[in-house]
Amino acid sequence: MNRLILILFISIGAFAGCTSDEIDDKGVDLTNISYDPQPYDVELPDYFPDLYSPSDNPLTYDGVQLGRHLFYDPILSADSTMSCSSCHEPGLAFTDGLATSTGIDGIAGRRSSMSLINIGFFGNKLFWDGRSPSLEHQALQPVEDPIELHETWPNVERKLRSNERYRELFRKAFGIEYSGEITKELAGKAIAQFERILVSTNSRFDRERQGKTFFTSEEQDGFDMFFDDSGSGLPEAECGHCHNFPLFTTFEFFNNGLDSVSSLEDYEDKGLGEVTMYRFDNGKFKAPTLRNIELTAPYMHDGRFETLEEVLDHYATGGHPSPNVDPLVAAAGTRNLSEGQKRSIIAFLRTLTDTSYLQNPDVLSPFN
Amino acid sequence: MNKLKIFFSILIVGLLFSCSDSDEDSSPTITVNYKAVYGNNPLVLNEDVWFFNDETMTFSKLNLFISDLTLKGQNGDQLLSDVEFVTFETSNRTEDGAAEGMSQTFDAEVGDYNGISFGIGVSPVLNSLPPSEYDSDHVLGQFGAYWAAWNSFIFSKTEGMIDSDGDDEPDLAFVYHAGADKMYRVKTVNTDISVLDGEEVEIDVIIDYKRVFGEMDDHIDILNNPTFHSPQDTALAELTQQLPENFLSAITVEVQ
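In order, the protein sequence lines correspond to chains A and B.
The first sequence runs contiguously to residue 368 in this note's numbering.
The second sequence runs contiguously to residue 256 in this note's numbering.
FYI, nobody ran anything at the bench for these hints, they're computed from the structure.
Please read all numbers here as calculations on a predicted model, not as lab measurements.
Don't be surprised by glycine CBs; every beta carbon is placed ideally from N, CA and C.
Take these hints with a grain of salt, some might be off.
Between beta-carbon pairs, the in silico distance windows are [to be verified]:
id	chain 1	residue 1	chain 2	residue 2	range
1	A	E144	B	D54	51 to 59 Å
2	A	S338	B	N40	56 to 64 Å
3	A	P54	B	K182	57 to 65 Å
4	B	D48	A	E208	41 to 49 Å
5	A	S34	B	D137	53 to 61 Å
6	A	G91	B	G39	53 to 61 Å
7	B	D77	A	P54	36 to 44 Å
8	B	S81	A	S34	43 to 51 Å
9	B	A148	A	H320	52 to 60 Å
10	B	T191	A	R131	56 to 64 Å
11	B	S81	A	R131	44 to 52 Å
12	B	T191	A	K212	52 to 60 Å
Negatives, chain A to chain B, calculated, CB over 12 Å [said to hold, decoys possible]:
id	residue
13	G27
14	V28
15	Y47
16	D79
17	G175
18	D224
19	N255
20	D281
21	P298
22	V329
23	T334
24	R335
With the C-beta cut set under 8 Å, the calculated list includes, among others, these residues of chain A facing chain B [to be verified]:
id	residue
25	P49
26	F227
27	D228
28	Y267
29	P323
30	L328
Take the sequences, apply the hints, and build the full model.
What follows is the structure, encoded as structure tokens:
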């Protein structure tokens, strides 16, 4: 009989313990908060591609709002001093104005912060070296990078689950029932949604395209050279091959002749080659969008050029020789662009400036 | 009782087998293997091949569109695909990969066909619309393959470097991009193709890039014209004829 009572007590204890653990794992019940996802529409000109969203992460108003909070909140960093926006400032087309970015420990990275403008049109191969297959994946990386936010995702999840505001935001964005369902995957999805609305479509170039304004003759010359309009009688600058209309990138990777190397193994930063392990990819980097290029100095993956004039000077020489320099970059060096022609191309590049996205309150910090 | 169990067991096993049979996809398929070669050898990207005289060349980028891939039949044609993007960027990084090439498989209808045809480039119907008119995951939804100055997709990209003086250092970049409707060509090959129920037919489409640039006595002068990407360039008007014609003769088809 005593043995029976003992077993009974052990069983009750086990049940009680189990129930208690389950409640701890689940966290706070959030079902009293409404969940009513509404699609977030982004208006695009008809000459733009579709804004890609994966089927398991459609753009919703509340998803964007959650992503916006996470993007600007230093809660993602180990010492609560930096957020995504520290290296991606809205006024600088979501770059940081530095040659290479510095994380919470004051350690400078080896590459420049990339603009997030129109990042939603990039389906895959994100970062300068293409190592990330999606925005959802990319958004997770800086948190645990020791030279960026230097935090751990389990710790971030713990902070978010214990934060009343985030419990509500996650519930509204994804319909979770308990705070314990807040995960890094959902955080990545929300940040990706926010990044997808960072759209620039209202530059002078766009207005000219839509018949609302005209280029100056200098800008038109720059346009003709940029896109190799042979009918203009001006030299072909070969820019549009890698920076094609309308996003001013082809999403591809190129060796644009930044370094003179005799062997493919000699690149200090191997770029795409570090990811693919294919030696002919060494020294190749993603062609960034040129939309808002005026705002994103310094230029190149390592910020080596301070000005657009330096960039044009580089391309006008055909870049430095190397076994895999892109043929189009090498070809550009044979065009003998005059100083005036280079100025015209820069004048055209400035027509790609557009800060109207800053008028959208959804892209700005919710903490100001 | 045991007999009843055995009966039901046999019945269930029989049903399972009959299910498997009926579910099996017996429709035939056509697998098209696109292969890039240089002369008689698989073309490996970034490896030297002999060009002409003392010159060697390496190819760094090879791609092209194929449109309206069609089996020709006396009782009617069968369209396998309206457009495909053929790129050798991944497959041709090694000799083994280059030998295999890039493959695509299509469902087909049973029948005896007497030929195959396809367009080299993007057919005028499809080429009349820009990438924004196609879904972003469609092969024509890629803006990097469109040239707004021509209002055309870039039908083929052939890029690389030439060592023109034989010192083992590439010294001249070449870029040949074809596009615009006037450079579209249709290749038709008369050959018997029997498509049988449940079977796969393999067809090799072989592109000899040596012939793309012509024969020894009549080859495209890359040294003097290293860049061609404007079908409107009157100075290179001859190339708008020669390059697509060369593609036409450089492509052969073999039914396995």
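Hints, verified against the model:
1. The beta-carbon spacing between A:E144 and B:D54, approximately 54 Å, falls within the hinted interval of 51 to 59 Å.
2. The given range of 56 to 64 Å is broken by A:S338 and B:N40, whose C-beta atoms sit roughly 47 Å from each other.
3. For A:P54 and B:K182, the hinted distance range of 57 to 65 Å is not satisfied, since their beta carbons lie about 40 Å from each other.
4. For the hinted restraint 41 to 49 Å between B:D48 and A:E208, the CB-CB distance of approximately 46 Å keeps it satisfied.
5. In this structure, A:S34 and B:D137 break the distance hint of 53 to 61 Å, their C-beta atoms being roughly 34 Å apart.
6. For the hinted restraint 53 to 61 Å between A:G91 and B:G39, the CB-CB distance of approximately 57 Å keeps it satisfied.
7. B:D77 and A:P54 have their C-beta atoms about 37 Å apart, which keeps the hinted 36 to 44 Å range intact.
8. One distance hint, 43 to 51 Å for the beta-carbon pair B:S81 and A:S34, holds here, with the actual separation near 48 Å.
9. In this structure the supplied range 52 to 60 Å is violated for B:A148 paired with A:H320, their Cβ-Cβ distance being about 30 Å.
10. Against the hinted window of 56 to 64 Å, the Cβ-Cβ separation of B:T191 and A:R131 comes to about 45 Å, which falls outside the hint.
11. A hinted range of 44 to 52 Å is violated for the C-beta pair B:S81 and A:R131, which are about 32 Å apart.
12. For the hinted restraint 52 to 60 Å between B:T191 and A:K212, the CB-CB distance of approximately 56 Å keeps it satisfied.
13. Distance to chain B confirms A:G27 as a non-interface residue, since its nearest Cβ pair spans about 38 Å, more than 12 Å.
14. Listed as outside the interface, A:V28 is consistent with that label: its C-beta sits roughly 39 Å from the nearest C-beta of chain B, beyond the 12 Å cut-off.
15. Some Cβ of chain B comes within 12 Å of the Cβ of A:Y47; the nearest lies about 5 Å off, and the non-interface call is violated.
16. For A:D79, the shortest C-beta to C-beta distance to chain B comes to about 40 Å, beyond the 12 Å cut-off, and the non-interface label holds.
17. Distance check on A:G175: its Cβ is at least 27 Å (rounded) from any Cβ of chain B, clearing the 12 Å threshold; non-interface status holds.
18. Not every CB of chain B lies more than 12 Å from the CB of A:D224, the least distance being 9 Å, so the non-interface label is violated.
19. With a minimum CB-CB distance of about 9 Å to chain B, A:N255 fails to clear the 12 Å threshold, and the non-interface call is violated.
20. Interface exclusion of A:D281 from chain B breaks down, the closest Cβ pair being 9 Å apart, not more than 12 Å.
21. Every CB of chain B lies more than 12 Å from the CB of A:P298, the least distance being 26 Å, so the non-interface label holds.
22. Listed as outside the interface, A:V329 is inconsistent with that label: its C-beta sits roughly 8 Å from the nearest C-beta of chain B, within the 12 Å cut-off.
23. Once the 12 Å rule is applied to beta carbons, A:T334 is inconsistent with being away from chain B; the minimum gap is 8 Å.
24. For A:R335, the shortest C-beta to C-beta distance to chain B comes to about 10 Å, within the 12 Å cut-off, and the non-interface label is violated.
25. Hint status for A:P49: holds, given a least beta-carbon distance of 5 Å to chain B, under 8 Å.
26. For A:F227, the shortest C-beta to C-beta distance to chain B is roughly 5 Å, which falls under 8 Å, so the interface hint holds.
27. At about 6 Å, the closest approach between the beta carbon of A:D228 and any beta carbon in chain B falls short of 8 Å, and the interface hint on this residue holds.
28. For A:Y267, the interface hint is violated, since its Cβ never comes within 8 Å of a Cβ in chain B; the closest pair sits about 15 Å apart.
29. At about 7 Å, the closest approach between the beta carbon of A:P323 and any beta carbon in chain B falls short of 8 Å, and the interface hint on this residue holds.
30. Because the closest C-beta pair between A:L328 and chain B is about 6 Å apart, less than 8 Å, the hint holds.
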